[in-house]
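Going down the list, the sequences are from chains V and P.
For the first sequence, the positions run 2 to 472 when the numbering used here is used.
For the second sequence, the positions run 2 to 472 when the numbering used here is used.
In short, the hints are calculated from the structure, not lab data.
Please note that the accuracy of each hint is not assured.
Repeated chains share a single entry, so a pair holds when one copy, or any two copies, can fit it.
To be verified - Capping the alpha-carbon separation at 20 Å, the derived lysine to any residue pairs in SDA-like fashion look like this:
no., residue 1, residue 2
1, Lys-373, Phe-4
2, Lys-45, Thr-138
3, Lys-428, Cys-277
4, Lys-439, Arg-418
Number of protein chains: 2
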Amino acid sequence: MHFEDLRYYGRQVIDWVADYLEHIEQWPVLSQVQPGEVRAKLPKSAPQEPEPFEAILGDLTEIILPGLTHWQSPNFFAYFPANHSWPSILGDLVSSGLGVQGMMWATSPACTELESHVLDWLADLLGLPEQFKSASTGGGVIQDSASSATLCAIVAARERATAGQANRSGVRAPLVAYASTEAHSSVEKGIRIAGLGSDNLRRIEVDRQFAMRPDHLEAAIAEDRAAGRIPTIVCATVGTTSCTAMDPLTEIGTICRRHGVWLHVDAALAGTAAICPEFRHFQQGVELADSYCFNPHKWMFTNFDCDCFYVADRNALVAALGIWPEYLSNPASQSGAVIDYRDWQVPLGRRFRALKLWFVLRSFGVRGIQEKIRQHVAWAQELAEWVRQDPRFELAAPVPLNLVCFRLRAGDEANQRLLNALNRSGKLYLNHTRLDGKFTLRLCVGQTSTQRHHVQRAWELIQSFAEDALR
Amino acid sequence: MHFEDLRYYGRQVIDWVADYLEHIEQWPVLSQVQPGEVRAKLPKSAPQEPEPFEAILGDLTEIILPGLTHWQSPNFFAYFPANHSWPSILGDLVSSGLGVQGMMWATSPACTELESHVLDWLADLLGLPEQFKSASTGGGVIQDSASSATLCAIVAARERATAGQANRSGVRAPLVAYASTEAHSSVEKGIRIAGLGSDNLRRIEVDRQFAMRPDHLEAAIAEDRAAGRIPTIVCATVGTTSCTAMDPLTEIGTICRRHGVWLHVDAALAGTAAICPEFRHFQQGVELADSYCFNPHKWMFTNFDCDCFYVADRNALVAALGIWPEYLSNPASQSGAVIDYRDWQVPLGRRFRALKLWFVLRSFGVRGIQEKIRQHVAWAQELAEWVRQDPRFELAAPVPLNLVCFRLRAGDEANQRLLNALNRSGKLYLNHTRLDGKFTLRLCVGQTSTQRHHVQRAWELIQSFAEDALR
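Start from the sequences and build out the full structure, keeping to the hints where you can.
See the structure below:
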């Protein structure tokens with residue numbers, strides 16, 4: 002290890018990153034390159050001899066940057082955000098530098114203990130129930146993504162429903178899962194990976210606000226039960242991807258309890274809002290959940306990857322995912338006094354991801370995070386009001402938080418033209434979904450550096466491009 | 002975003018990391034803290050107000066460092082290494098700073114294209130077959146770990162064996178998997194997660210060198226087939242976790258081809274050695290594999306997480322893992338001209354992990370990597386020779402590369418005492434496994450900063466502590 006190189010080039014990289022972020026608005030938000038354009042600039046084979054670091058940094062600027070879509074731009078409004086912040090970048094840098102493995106408590110105790118601790122902090126901050134905390138029967142763990150959290154929940158639910166039989170002899174009886182028609186594609190992906198099969202995922206109808214209808218859920222469960230199938234898991238969503246619809250957790254949870262079905266709650270984006278008490282009502286009923294996740298790597302200023310996954314009964318999770326080979330045995334694990342997070346996730350290895358979360362929580366303070374979340378929500382509400390006031394447009398869904406779904410009343414083609422023109426301009430980046438079968442634009446306010454004037458300018462651009470799209 | 006904070010504290014963190022690595026040998030390699038000791042020093046709840054960054058850095062030194070097991074220490078010889086290097090740390094820092102999402106080509110084209118490109122470079126460097134490259138029918142992708150790669154291989158194999166039926170209606174017929182008794186626990190974990198069930202994993206006997214016996218494999222496949230079960234996947238290992246045993250790929254692959262069974266090759270550690278032509282023979286027959294993985298985050302100086310996973314037929318993988326919701330549809334994906342890596346993995350989101358690999362390959366050059374790998378292997382061979390010459394010890398397995406498995410001839414208790422004493426000393430860190438039922442010490446030479454004198458001193462310590470253990 003060349004420590005002087007790390008110091009010398011480390012400073013250069015820090016400055017390079019700071020320069021990039023400081024001037025990020027000069028780039029078209031959506032990359033304008035064509036397929037293959039980046040690769041065409043790269044040499045056919047790896048270099049035999051070492052290259053100077055300056056050459057690498059140069060290529061980063063010349064070749065890589067034009068090929069990026071700039072997720073950290075204040076004019077990035079597409080998908081859900083994946084925002085970050087300087088304390089998070091530095092927390093992640095410490096993790097890279099330490100290079101420890103947190104697969105078990107023994108392989109770096111602080112890596113496990115800081116993670117349990119910070120996830121307990123967050124459980125309190127979000128008003129999550131006591132059983133999700135490590136001093137109780139459950140606990141939290143960092144997963145790479147809500148998709149992986151959902152898969153873990155499905156496998157744990159599957160084993161609970163079959164008393165461990167699926168793990169032993171494979172999936173046999175039809176095990177049924179339930180999610181609304183608006184639930185994220187990761188639910189179906191997880192159902193497939195876990196061997197349940199898409200045909201056994203019931204897509205429950207939604208109401209006018211795109212929230213799951215509990216009466217339909219209960220009817221579906223009853224029907225499956227009557228047919229000898231085993232209702233296994235309900236995946237409810239707090240803040241769906243299309244339009245941040247809120248499934249009613251209290252009613253859904255009550256049904257799950259009645260039928261002994263695992264309730265997993267995916268609050269990937271919206272969970273962060275619960276750090277503000279006034280937004281916590283969206284996840285009322287979460288105390289009925291068996292598992293829950295939200296992504297600080299979406300809206301809480303923490304680098305990807307960082308999904309916080311909570312379970313009410315950690316034994317159910319470890320029973321589903323734990324395997325104990327000899328080469329991993331150690332006194333601490335055998336004592337039962339510690340958490341070995343390898344048994345809480347798909348991979349074995351894990352990096353020290355709690356650091357960036359710890360850095361963010363301490364650098365912002367709870368108040369600092371609340372302030373930014375409230376701003377994002379307020380600006381999205383303003384935008385919704387502007388949409389309402391323009392007769393050419395309509396809101397396509399309620400706006401509970403920071404996502405505005407809207408469209409021209411003129412139909413799909415006009416909206417598709419509008420979206421293409423906006424994104425091609427490079428001045429901002431939105432994406433689309435379909436609501437009530439109609440092509441709908443999505444604008445989510447959640448970047449760390451987004452200010453009110455960026456949202457205002459976005460609306461001006463939308464209005465201006467709408468004129469062309471309607472021509 | 003406060004750019005000046007990023008610059009100012011970024012320098013401090015770079016220096017903090019460099020200081021840590023420069024003086025890493027002052028710490029006991031294996032952390033000496035007791036369960037709960039780290040948490041006891043942390044406040045019960047997150048701070049309401051922002052804290053100065055200096056306080057965080059202070060706590061990092063005071064609270065976190067004593068709770069770490071120092072994986073980057075030159076005296077870390079346990080498990081397999083998870084080594085890193087300064088170019089990798091800085092590549093990862095750029096990834097954190099850019100904060101882009103590579104879930105689809107369109108969400109940051111350079112993120113996808115650099116990954117495909119660097120994985121093609123590596124396929125050439127390791128002498129992997131043409132079909133694993135992106136210009137052919139297959140391609141490579143970065144996964145977080147070999148565990149996840151194995152799971153993806155299992156799911157793809159499952160769908161190929163059932164013509165997509167398992168994804169549609171769930172696992173029904175008994176689908177059988179095969180791996181040697183020495184295969185990694187992630188194979189069984191993957192088999193369980195994918196709904197096949199542990200009972201349907203045949204653990205194939207090994208020969209005296211702990212390598213899978215192809216005759217037993219063929220007999221097991223024939224027996225399953227005769228009983229109406231569906232042989233689905235063989236997971237072969239190049240470099241097992243216990244003792245880097247090498248399953249014979251040519252014979253295994255020929256059997257797999259004959260029976261239409263998917264062959265996955267796990268070369269997590271040993272794959273890196275194939276960058277040196279003289280070690281490439283260990284994976285002779287890899288051209289018969291349907292999928293293959295190795296971990297640059299183990300032995301190729303690249304931060305966790307970075308597992309390179311290759312498939313010969315990318316369509317089989319995408320058919321198993323692809324899902325296309327409206328909110329992710331975009332012109333580039335619909336054109337079919339691009340790779341969307343979200344369909345090659347469990348999670349949806351993904352960070353720009355190819356950067357660190359690109360930084361490492363260019364900063365070291367192929368020659369620089371080869372040189373270090375050759376040194377590690379040479380020092381391990383020297384150590385093996387020293388073990389052979391000490392009549393109190395015996396080698397427990399062949400030493401094909403950089404892992405030496407050895408034990409006192411005096412039996413399990415003496416070896417357990419020896420291991421405990423060594424690790425308690427803080428001067429080095431080894432771990433253990435069982436071979437032929439006997440407690441066996443493992444010493445793997447693979448840290449970036451390990452030099453010959455560290456290995457020599459390790460052996461002196463082992464010899465010296467052995468005297469006590471034998472008393």
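Worksheet item: Which numbered hints does this structure break?
Response: 3
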